Amino acid sequence: MYDLRLWLSKKGSLKYVSHLDMFRLMQRAVRRAGIPLWYTEGFNPHPYISFLLALSLGIEGEGEPVDLRIVGEMTPEEVRERLNAVLPRGLSVVAAAPPQDKPAAIAFGRYDVYLDPAQISGAELQDVLAGGGLTCQKSGKSGHKKIMKTVDVSAQLREWQIEEKDGSLLLHVVLPAGSTVNLNPLQLLEAVSEKRGAPVYACSAVRTALLKADGKEFR
Amino acid sequence: MDKKLERILPRVQKPARYIGGELNSVVKDKEKIGLRYAFCFPDSYEIGMSHLGIKILYAIANSREDTWCERVFAPWPDMEEQMRQNGILLYGLESGDPIRDFDMIGFTLQYELCYTNVLNMLDLAGLPVFAKDRTALSPIVMGGGPCVCNPEPIAPFFDLFSLGDGEEVNNELMDLYLEHKKRGSDKQAFLADAAKIPGVYVPSLYNVSYHADGTVGAVTPAGGAPETVTKRVVRDLDKVAYPESFVVPFIDVVHDRVTHEIFRGCIRGCRFCQACFLNRPIREKSPETINEQCKVLCRNTGYDEISLCSLSSSDYSRIEELLNLLLDWTPQEKINVALPSLRVDNFSDELLQKLKKVRRSGLTFAPEAGTQRLRDVINKNVTEEEMLKTANIAFSGGYCAVKLYFMLGLPTETDEDVEGIGLLAKKVVDAFYTNPDRPAGRGVQVSISASSFVPKPFTPFQWEPQATAEELQEKQQHLKETLPSRKISVSFHDIETSCLEGVFARGDRRLADVIYRAWKQGCTFDSWGDFFKYDVWMRCFADAGLDPAFYANRRRAFSEVLPWDHLNYGVSRRYLEREAQKAMRAETTPNCKQGCAGCGANKLNGGHCDV
Ligand code: SF4
Ligand code: SF4
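One line per chain: the protein sequences are A and B, in this order. Taking this note's numbering, I'd label the letters of the first sequence as residues 1320 to 1538. Taking this note's numbering, I'd label the letters of the second sequence as residues 8 to 618.
Only chain A is shown next, with the shape it has when bound in the complex (with noise of 0.2 angstroms):
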């Protein structure tokens, strides 16, 4: 028995499927695979899968980790490769290996977002960024009741870049990620559009890796 770390592509319209419905892919996944995982005990055992970080709807990911417990010797190539012969298209396992990091040790994720630069030119996102006093309401949750917070976003934001080419726009940034503060690029240009009164949306968005506290890559 032995934990294995898969590393998920998760692209084009699978954005729009869920962290629950992840889960629920996964375990179908497997069984369909034939890989013999670890169930947990009780009346209802359920193989163990766990998917360390979720990603918000809408927003694709390179290499998302998702940790099994495998019996036997079945190996981490093996693994992957049968995987991807059952995954549905734009889901596919790009590495497994086993984990190096805790979970916990994820501190942000890195993002790509693709913008129209009809809405908004490199020059003023770089203002609107660079200005401060970006706000977004996220749902919370207060006792039992759903309430609105106002989340500092510009607090949260420390590095990013901007880069222009062929009439497209890219923002490379660095956001929050893991148990304790998050925030996710969508949330982000929330707070953009919200500061400048006009809308921006995200032509697409992908998560591009996950870092520790220390900046290096979470493994």
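Simulated from the structure, these hints should not be mistaken for laboratory data. If you're wondering where the values come from, they're calculated on a predicted model, not measured in any experiment. One thing to keep in mind: the hints can contain errors.
To be verified - Straight-line distance between alpha carbons at most 25 angstroms, and here's what the computed BS3-like set of lysine-lysine pairs gives:
id, chain 1, residue 1, chain 2, residue 2
1, B, K433, B, K410
2, B, K21, A, K1465
3, B, K21, A, K1468
4, B, K540, B, K494
5, A, K1330, B, K35
6, B, K189, B, K246
7, A, K1514, A, K1468
8, B, K600, B, K610
9, B, K589, B, K610
10, B, K600, A, K1330
11, B, K540, B, K527
12, A, K1457, B, K21
13, A, K1464, B, K21
14, A, K1484, B, K10
15, B, K21, A, K1460
16, B, K189, B, K203
17, B, K527, B, K433
18, A, K1330, B, K10
19, B, K600, B, K589
20, A, K1330, B, K37
21, B, K11, B, K21
22, B, K37, B, K194
23, B, K35, B, K10
24, B, K434, B, K494
25, B, K189, A, K1330
26, A, K1484, B, K11
27, B, K527, B, K610
28, B, K434, B, K410
29, B, K21, B, K37
30, B, K188, B, K35
31, A, K1421, A, K1531
32, B, K434, B, K396
33, A, K1514, A, K1457
Take the given structure of chain A and dock chain B with the ligands to it, following the hints.
What follows is chain B with the ligands alone, placed relative to chain A:
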């Protein structure tokens, strides 16, 4: 994915309903396809994806090289709004192409309250809702499913209906269509030929006349269409095509598992039960076939649950054999086998022991009526004694919750029958507390679910008046007031939706006007309480000059021509009349295993029933 779609998906609930691309969904090269088929389910994705029929017909159509069949569900109102605002036409989930350009559009009609959704989907597709306004050969709009046994209220919207089992006739229709397409025929020529295929009903070829009192005078066929259309029956369930894989949805749907139909029809003949009579004659699939098909399906889907869904699964004559086969491999693979509708009177101790090996679901009984007299009227051959015996076995086996299904508003029902529901539930409560082997330290929970009886075509009660909304209201009140124990809870079905269902179930063609008006005034998703607009419907009846009570609450004479009399589902009118008379005398009819009651359905299967 389409750019416009990409824009709106982030703004709707559960966008994964609209993206396609699920595992096992079929994508083909459209250049190599002669016939594009849109299989439409006029309700939400979650409901539609749970339906077995659509999976079967999807697999059959896609097994043809010349055909590409796609799925289409009713967009939820938030999505509909976005689609209309952004000029997105209703599209097939597999290709994303507008279904307006498809060759055939098939709707499955499972319940009457989906009718406005059919109109809405046609409109969202950019098509005229009335068949007469769609003059080109394509798309041909067809309907199938149980409601098609009386499709008159929706006849003007459809080009044709397919009666009975769809597996074979669908292929015949596709072949015929391709021939006509090649020839460059028009729609009329195709329909005239289609009407010659057994089981195909082309409503535009039948003229309906009415008497002054509003009842049907005659239904007259034209253009060589047959006098009566007889439903199609698949003779051998072991040989008929069955899918090797199901499309596995991304999102959670109502039935998200391997479902398997083990036989068609039902031996019981409860007199209110349309499903029973519509699906006769009785045909069983062999345990070996079922077992093999389940294995393949589990392998190809990754599902960890199999559910045997038939009208009364425990009546399957080789149930023990089947369970043994299934329980031979499923536990090791951690697959659960569920039998949803077990009946009281053959729920043996032995079977229960076997089922103990699998995950326990709730204990449910459907006595349907509170007194033996009324159970005799409806031919629900369940006695109190048998029920309590079964309950006791279950209590000894650790069960503490029982669900009981009843109907209110059954023919001949009195206050005493209504009170009987509570009394019967009380006996179940008492049985628990007097059972020495009951689970220690736990109480019992008996919940009653009371729906409203709706008389349906092709049942012995097709001539009966439906109880009015006021009467049903009183019955519900009476039941609540006479509940004898706190351990019993009761829940009711919405009365107003049952009333509307009753009107359309036995309606005639004139009702199409009401459906059209209601849809125009924004009625859709009528089976969803949140969206149901009873007052709008009532206004539309008034505007159309039609009285809902004429359809729902009137007793019909045997001599009356019923709007569906030109359709034949195998069960003879003579038999139904006989059963109706026996009902009034509270006389029961033995089930098919005890003896053939001569319903006539076996004629469709060479005189044979699998009993
Ligand atoms: S047992 Fe009765 S209610 Fe159930 S399916 Fe058969 S006829 Fe219908
Ligand atoms: S023909 Fe006889 S055995 Fe067959 S369904 Fe009818 S009553 Fe039952």
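Evaluated hints:
1. B:K433 - B:K410: 12 angstroms, holds
2. B:K21 - A:K1465: Holds, at about 20 angstroms.
3. B:K21 - A:K1468: Holds: K21 (chain B) and K1468 (chain A) sit about 23 angstroms apart, inside 25 angstroms.
4. B:K540 - B:K494: Given pair K540 (chain B), K494 (chain B) is violated - Cα atoms ~35 angstroms apart, limit 25 angstroms.
5. A:K1330 - B:K35: Holds: K1330 (chain A) and K35 (chain B) sit about 21 angstroms apart, inside 25 angstroms.
6. B:K189 - B:K246: 31 angstroms, violated
7. A:K1514 - A:K1468: Given that 25 angstroms is the threshold and the Cα spacing comes to 17 angstroms, the pair holds.
8. B:K600 - B:K610: 17 angstroms, holds
9. B:K589 - B:K610: 23 angstroms, holds
10. B:K600 - A:K1330: Violated, because 56 angstroms separates the two Cα atoms, which is more than 25 angstroms.
11. B:K540 - B:K527: Satisfied, since the Cα-Cα distance of roughly 13 angstroms is no more than 25 angstroms.
12. A:K1457 - B:K21: Status holds; Cα separation ~19 angstroms.
13. A:K1464 - B:K21: Holds. K1464 (chain A) to K21 (chain B) sits at ~22 angstroms (cutoff 25 angstroms).
14. A:K1484 - B:K10: With Cα atoms ~21 angstroms apart, K1484 (chain A) and K10 (chain B) stay inside 25 angstroms; holds.
15. B:K21 - A:K1460: 22 angstroms, holds
16. B:K189 - B:K203: Holds, at about 19 angstroms.
17. B:K527 - B:K433: Given that 25 angstroms is the threshold and the Cα spacing comes to 48 angstroms, the pair is violated.
18. A:K1330 - B:K10: 16 angstroms, holds
19. B:K600 - B:K589: 19 angstroms, holds
20. A:K1330 - B:K37: Cα-Cα ~24 angstroms, so holds.
21. B:K11 - B:K21: 17 angstroms, holds
22. B:K37 - B:K194: Holds, because 23 angstroms separates the two Cα atoms, which is no more than 25 angstroms.
23. B:K35 - B:K10: 22 angstroms, holds
24. B:K434 - B:K494: 11 angstroms, holds
25. B:K189 - A:K1330: Given pair K189 (chain B), K1330 (chain A) is violated - Cα atoms ~40 angstroms apart, limit 25 angstroms.
26. A:K1484 - B:K11: With Cα atoms ~24 angstroms apart, K1484 (chain A) and K11 (chain B) stay inside 25 angstroms; holds.
27. B:K527 - B:K610: Violated: K527 (chain B) and K610 (chain B) sit about 44 angstroms apart, past 25 angstroms.
28. B:K434 - B:K410: Satisfied, since the Cα-Cα distance of roughly 13 angstroms is no more than 25 angstroms.
29. B:K21 - B:K37: Outside the cut-off at roughly 28 angstroms; violated.
30. B:K188 - B:K35: 20 angstroms, holds
31. A:K1421 - A:K1531: Roughly 10 angstroms between the alpha carbons, so the hint for K1421 (chain A) and K1531 (chain A) holds.
32. B:K434 - B:K396: 11 angstroms, holds
33. A:K1514 - A:K1457: This hinted pair holds, its Cα atoms lying about 16 angstroms apart.
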